[in-house]
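Residue numbers (the working numbering), protein chains in the order written: chain H, 1 to 269; chain Z, 270 to 538; chain S, 539 to 807.
Treat the hints loosely; a few may be bogus.
Once the Cα atoms are required to be at most 30 Å apart in a straight line, the calculated DSSO-like pairs of lysine-lysine come out as [to be verified]:
#, chain 1, residue 1, chain 2, residue 2
1, Z, Lys498, H, Lys202
2, H, Lys118, S, Lys623
3, H, Lys157, H, Lys83
4, S, Lys542, H, Lys4
In short, the hints are calculated from the structure, not lab data.
What follows is each chain in one-letter form.
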Amino acid sequence: MARKLFSLSSDFGVGTPGIGIMRSVILEMCSGAEIIDLWHGIPGFEITEGAWTIESVAQLPVGYHVCVVDPGVGTERRGIIIKTKRGDYLIGPDNGLLIPATRMLGGIVKVVEITNEKFMRKPVCPVFHGRDVFAPAAAWLSKGARIEQFGQEIDPKKLVKAPYEEGSVSNGTVSGEVIHVNHFGSVAINIINDEFAKSGIKYKDDIEIDTSVKRINTKFLKAFGEVTKGEVIVIPDDCGRIEIAVNQGRFDEKFGVKVGDKITIKKSL
Amino acid sequence: MARKLFSLSSDFGVGTPGIGIMRSVILEMCSGAEIIDLWHGIPGFEITEGAWTIESVAQLPVGYHVCVVDPGVGTERRGIIIKTKRGDYLIGPDNGLLIPATRMLGGIVKVVEITNEKFMRKPVCPVFHGRDVFAPAAAWLSKGARIEQFGQEIDPKKLVKAPYEEGSVSNGTVSGEVIHVNHFGSVAINIINDEFAKSGIKYKDDIEIDTSVKRINTKFLKAFGEVTKGEVIVIPDDCGRIEIAVNQGRFDEKFGVKVGDKITIKKSL
Amino acid sequence: MARKLFSLSSDFGVGTPGIGIMRSVILEMCSGAEIIDLWHGIPGFEITEGAWTIESVAQLPVGYHVCVVDPGVGTERRGIIIKTKRGDYLIGPDNGLLIPATRMLGGIVKVVEITNEKFMRKPVCPVFHGRDVFAPAAAWLSKGARIEQFGQEIDPKKLVKAPYEEGSVSNGTVSGEVIHVNHFGSVAINIINDEFAKSGIKYKDDIEIDTSVKRINTKFLKAFGEVTKGEVIVIPDDCGRIEIAVNQGRFDEKFGVKVGDKITIKKSL
Numbered sequence: 001m002a003r004k005l006f007s008l009s010s011d012f013g014v015g016t017p018g019i020g021i022m023r024s025v026i027l028e029m030c031s032g033a034e035i036i037d038l039w040h041g042i043p044g045f046e047i048t049e050g051a052w053t054i055e056s057v058a059q060l061p062v063g064y065h066v067c068v069v070d071p072g073v074g075t076e077r078r079g080i081i082i083k084t085k086r087g088d089y090l091i092g093p094d095n096g097l098l099i100p101a102t103r104m105l106g107g108i109v110k111v112v113e114i115t116n117e118k119f120m121r122k123p124v125c126p127v128f129h130g131r132d133v134f135a136p137a138a139a140w141l142s143k144g145a146r147i148e149q150f151g152q153e154i155d156p157k158k159l160v161k162a163p164y165e166e167g168s169v170s171n172g173t174v175s176g177e178v179i180h181v182n183h184f185g186s187v188a189i190n191i192i193n194d195e196f197a198k199s200g201i202k203y204k205d206d207i208e209i210d211t212s213v214k215r216i217n218t219k220f221l222k223a224f225g226e227v228t229k230g231e232v233i234v235i236p237d238d239c240g241r242i243e244i245a246v247n248q249g250r251f252d253e254k255f256g257v258k259v260g261d262k263i264t265i266k267k268s269l
Numbered sequence: 270m271a272r273k274l275f276s277l278s279s280d281f282g283v284g285t286p287g288i289g290i291m292r293s294v295i296l297e298m299c300s301g302a303e304i305i306d307l308w309h310g311i312p313g314f315e316i317t318e319g320a321w322t323i324e325s326v327a328q329l330p331v332g333y334h335v336c337v338v339d340p341g342v343g344t345e346r347r348g349i350i351i352k353t354k355r356g357d358y359l360i361g362p363d364n365g366l367l368i369p370a371t372r373m374l375g376g377i378v379k380v381v382e383i384t385n386e387k388f389m390r391k392p393v394c395p396v397f398h399g400r401d402v403f404a405p406a407a408a409w410l411s412k413g414a415r416i417e418q419f420g421q422e423i424d425p426k427k428l429v430k431a432p433y434e435e436g437s438v439s440n441g442t443v444s445g446e447v448i449h450v451n452h453f454g455s456v457a458i459n460i461i462n463d464e465f466a467k468s469g470i471k472y473k474d475d476i477e478i479d480t481s482v483k484r485i486n487t488k489f490l491k492a493f494g495e496v497t498k499g500e501v502i503v504i505p506d507d508c509g510r511i512e513i514a515v516n517q518g519r520f521d522e523k524f525g526v527k528v529g530d531k532i533t534i535k536k537s538l
Numbered sequence: 539m540a541r542k543l544f545s546l547s548s549d550f551g552v553g554t555p556g557i558g559i560m561r562s563v564i565l566e567m568c569s570g571a572e573i574i575d576l577w578h579g580i581p582g583f584e585i586t587e588g589a590w591t592i593e594s595v596a597q598l599p600v601g602y603h604v605c606v607v608d609p610g611v612g613t614e615r616r617g618i619i620i621k622t623k624r625g626d627y628l629i630g631p632d633n634g635l636l637i638p639a640t641r642m643l644g645g646i647v648k649v650v651e652i653t654n655e656k657f658m659r660k661p662v663c664p665v666f667h668g669r670d671v672f673a674p675a676a677a678w679l680s681k682g683a684r685i686e687q688f689g690q691e692i693d694p695k696k697l698v699k700a701p702y703e704e705g706s707v708s709n710g711t712v713s714g715e716v717i718h719v720n721h722f723g724s725v726a727i728n729i730i731n732d733e734f735a736k737s738g739i740k741y742k743d744d745i746e747i748d749t750s751v752k753r754i755n756t757k758f759l760k761a762f763g764e765v766t767k768g769e770v771i772v773i774p775d776d777c778g779r780i781e782i783a784v785n786q787g788r789f790d791e792k793f794g795v796k797v798g799d800k801i802t803i804k805k806s807l
């Protein structure tokens with residue numbers, strides 16, 4: 001990228017005024033910025049969905065990624081900057097939100113708490129750190145401020161834990177949980193495609209999905225067009241995770257599945 | 270335009286992550302790009318609504334227009350580039366989606382199937398050709414790649430048919446179908462204003478609308494303010510088509526009308 | 539800002555096609571423009587919510603701000619440009635929509651009616667002045683056109699009145715009305731923080747909210763994290779106004795409150 005790339009994600013609601021305001025804070029400091037809205041439809045206060053969202057920065061060019069799902073804003077919870085191995089900076093609250101994305105970006109290089117008021121927009125409003133702390137931090141970093149200047153380093157082990165770990169894979173069985181329901185009602189689970197492959201389940205294999213409530217027999221495939229309308233399908237999604245869907249229908253509603261639900265996928269005997 | 274203009278449309282849902290990801294693919298290749306989101310709220314898999322959406326590119330400067338409503342992604346359906354007489358490139362699946370817009374852009378100059386992997390983002394994900402095939406094709410075209418380099422030419426007559434043709438107009442009668450319901454519940458029909466004029470129906474004429482279910486007596490007017498709140502009105506819309514609406518109300522809900530319904534408008538005797 | 543800043547707001551619906559079309563009108567005339575979508579989810583035809591929205595331009599850099607909530611489009615209602623003391627230009631219909639923002643921008647310097655067709659996109663569609671009159675006016679102003687060139691000056695006192703005035707504050711009591719319900723169901727009232735302070739109500743004071751229907755005992759605080767989930771809270775919001783909310787819940791639904799409702803806040807005895 002010739003221009004600096006920023007991404008913004010939040011639970012503010014798609015297209016709501018706070019987004020344009022955060023955007024203008026960055027543009028005012030960094031006039032040539034390219035700012036991408038990744039997703040602002042993260043359900044309110046849902047750290048799991050937020051963490052899933054920021055995993056997608058791995059599909060963007062290296063940049064400055066601000067994410068705000070922040071029920072603790074204005075309290076003692078810390079604001080942090082994480083530098084990742086790929087070279088990105090993740091900026092947001094220390095509530096677990098930013099951790100899963102670091103796994104997709106090669107891991108954590110350094111974390112600091114944001115305490116240096118020099119890098120904040122004043123006065124700092126206790127209900128909008130996105131505008132007054134996180135967006136300015138991203139802009140300052142892009143202009144050459146060093147991460148050490150923002151505050152004390154934090155041991156990554158002392159950060160608030162991620163809202164989900166990776167699911168488990170054994171021979172013929174995959175166990176995970178739902179971490180996102182998309183616009184079409186399809187669900188993503190906490191199993192990346194490369195891990196799934198270790199289960200030995202292969203393209204076109206018969207499989208059984210267990211949602212705790214219901215068992216569904218289907219196949220592991222690659223594209224929606226391989227089944228007829230209304231059929232259940234398990235595929236590698238476009239973000240590197242395993243997706244379960246109903247072709248041209250809503251898996252979430254049909255089977256009463258929501259974020260946090262346990263899912264097991266087994267190779268059929 | 271001093272900078273290259275791109276537009277993106279899809280049924281991904283307004284403001285969802287895939288949009289930002291497609292945007293970044295273009296920006297990474299073409300740093301000075303201006304990328305406009307035309308509409309991402311096209312109802313899922315609805316080719317008719319999608320085709321109506323892309324007609325609006327006629328109101329944008331000449332550019333590179335990517336549209337993704339693509340229930341057949343990952344199957345044998347073809348990905349195509351259409352060059353139009355106005356100079357635009359339309360990029361998306363060969364499922365009829367792109368055809369109506371070509372009528373608004375002076376017609377088709379050339380069509381090719383996209384098969385040259387050199388112009389794709391690798392690996393190509395079978396469920397996200399918007400990111401891996403269509404957005405990169407748009408960026409490459411803007412950088413000077415010639416349409417012939419992407420694949421074999423296709424005879425426009427052999428493309429999948431448009432989801433709608435233009436309605437018919439005779440003396441005093443206009444017959445069409447609903448091709449879009451907008452945010453306010455007003456409907457657009459497949460009759461352009463210039464064709465409607467051939468019916469002899471003029472400004473302020475009394476007319477009768479027949480929705481198959483209901484007959485409504487009203488007038489052909491120009492602006493909502495010409496009727497009181499709650500009244501039905503037929504007007505030329507802002508995109509060149511005939512619109513039927515309830516002033517400050519929802520025509521679709523009041524009369525149970527949806528995309529695909531037949532509509533007849535007659536001059537009252 | 540090195541580049542010219544524009545903002546767009548409307549009741550068109552977030553992410554709908556008309557927004558991209560207005561954006562392209564500005565970009566075509568002013569290639570280096572930075573265009574921010576402030577909010578397009580203003581409820582249809584709601585002047586009060588629209589006026590609240592444009593108050594937020596005070597948080598953006600000085601710029602050209604187009605707002606379209608315009609039930610009278612195509613009738614005799616005037617299109618206007620307001621120059622504010624801060625240096626911004628507000629462009630939209632003369633229906634009261636633009637007035638409250640001027641109070642946040644230091645007041646009105648000059649108002650003109652837009653009548654000079656030289657600055658319009660032709661033909662002017664009677665249902666889309668946003669595209670054909672207001673967006674082009676913003677672009678022309680940014681290119682150096684003087685406000686006097688657009689039409690006759692209007693005495694600010696002769697503009698259509700604002701949809702709300704500021705609420706009243708006396709010792710220990712604040713009386714106002716709801717002017718906005720946000721994405722989370724929290725409400726903003728027509729009392730700015732500096733005025734509220736004159737009531738003598740201080741941080742952590744016990745207060746009573748009277749919504750006409752219900753009385754609620756709570757405290758005046760600063761951040762959501764100061765109360766537990768589900769508790770009512772009154773705080774200064776991020777835009778300079780007083781906000782009433784339920785922590786991680788919807789105040790509007792819980793207490794049946796909507797835009798226009800009277801609200802009184804009293805210091806508890």
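Hint by hint, here is what the structure shows:
no. : hint                : result
1   : Z/Lys498 / H/Lys202 : violated (61 Å)
2   : H/Lys118 / S/Lys623 : holds (29 Å)
3   : H/Lys157 / H/Lys83  : holds (15 Å)
4   : S/Lys542 / H/Lys4   : holds (19 Å)
Checked against the numbered hints given earlier, this structure breaks only hint 1.
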